[in-house]
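Trainee: Quick mapping for you: the protein sequence lines, in order, are chains S and X.
Take any residue in the first sequence, count from 1 to its spot, add 1470: that is its number in the working numbering.
Take any residue in the second sequence, count from 1 to its spot, add 5: that is its number in the working numbering.
In case anyone wonders, no lab produced these hints; they're calculated from the structure.
These figures come from a predicted structure and were not determined experimentally.
Accuracy of the hints is not assured; some may be wrong.
To be verified - Below, a list of computed lysine-lysine pairs in the BS3-like style, where the Cα atoms sit at most 25 Å apart:
id, chain 1, residue 1, chain 2, residue 2
1, X, Lys151, X, Lys233
2, X, Lys233, X, Lys50
3, X, Lys53, X, Lys31
4, S, Lys1490, X, Lys19
5, X, Lys205, S, Lys1490
6, X, Lys205, X, Lys233
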Amino acid sequence: MHEWALAEATITSASQIAEKEGLKEVTEVTLKIGELQQIELEIFEFALSQIRSSRLRNAKFVIETAKAEFGCRVCGCRWGFPKKELDEEERESIHFVPEVAHAYIKCPKCGSPDFDILQGRGVWIESIRGVK
Amino acid sequence: MVDPRISIIEDRLKRVRNIIAVSSGKGGVGKSIIASTLALILARKGYKVGLFDLDFTSPSTHIILGVGRIYPEESEGIIPPEVHGLRYMSIVYYSHEHALPLRGAGISNVLIELLAVTKWNTLDFLIIDMPPGISDTTLDILRYVKRSGFLVVTTSSPLAFESVRKLIEVLSELKTPIIGVIENMKMKESQLIQQRTKEKGIKFWGDTPFDDHLEEIMGDANRLLETKFGKKLRELVEKNL
């Protein structure tokens, strides 16, 4: 997913949670970003700083990366993101839509494209701290 | 844990006035060609139109329209490029010519990702080419794009209509607007589909003929509009929309 869209989604979602939880000010947001998103942290953090809402103006963003893991449905093999085996266009496509990994990656043991992305895709707000 | 993508979907579509999901219970009834031609007809009438291909495992609107190798622009999100006067979005920008085998969870993730990232801006109509059936994509569109009106496509075959009937049943139960039914690839005179549609209390838009010239002009949007099929669909749009 694009860094700016991701930042916008993060701010919107964090603001909604803060409102629901009755937080006047958010002090810390812990985010988990999957390795497949291949986010450029510098751009993402800049985007966050540009669009943060008033409730989040002093919030600290703690960003953790979750390693990708694939699991083959056919032979049970588990493996990580073979980034070096992909060309730039393929990596870029996975950055925008991680599920297109199914077009470019096969099970290293049996060659099947029928695998699950067990972890390492998407972005999740793990926790929000703030002042009520 | 909260998936932040869902929170911006509504915002991404807020300047889209009408959303039409071209759908069917059955594959092979001509949804993609109807969705593509409908979008072209509306664009030629001067409306601002987007076409969104949601058939991730078998996308085909890019072939119908002859899209070629173009890519969306990145600007704080993804801006769909303009093709024949339409803003056009498809998974093929990312899967290219490769097969994309996806299970249900993957399909849902792609849908949410594209809904969250695509900046349609102001549109009069967003036409969605839906995959066949009533599984993941249909259920997700009903969940995340609540303003969609469904245009249901069938052929004259009672077999096709039986699947369509089930789709209509689900949409009706969920109180989703069904803007009409089109009987596509009609080859001989029969009132059966029209009758059955009307029995359901749904508007029958009319029929579009089986046109054996369509295969020859795949990829040529201008000629598509001039076919027997294209002209008839235009009449149906002018009469019903």
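Trainee: Next, verify each hint and record whether it holds.
Mentor: Right, here's what the structure says about each hint:
no.: 1; hint: X/Lys151 to X/Lys233; in the structure: violated (34 Å)
no.: 2; hint: X/Lys233 to X/Lys50; in the structure: holds (19 Å)
no.: 3; hint: X/Lys53 to X/Lys31; in the structure: violated (29 Å)
no.: 4; hint: S/Lys1490 to X/Lys19; in the structure: holds (23 Å)
no.: 5; hint: X/Lys205 to S/Lys1490; in the structure: violated (42 Å)
no.: 6; hint: X/Lys205 to X/Lys233; in the structure: violated (29 Å)
Checked against the numbered hints above, the structure violates hints 1, 3, 5, 6; every other hint is satisfied.
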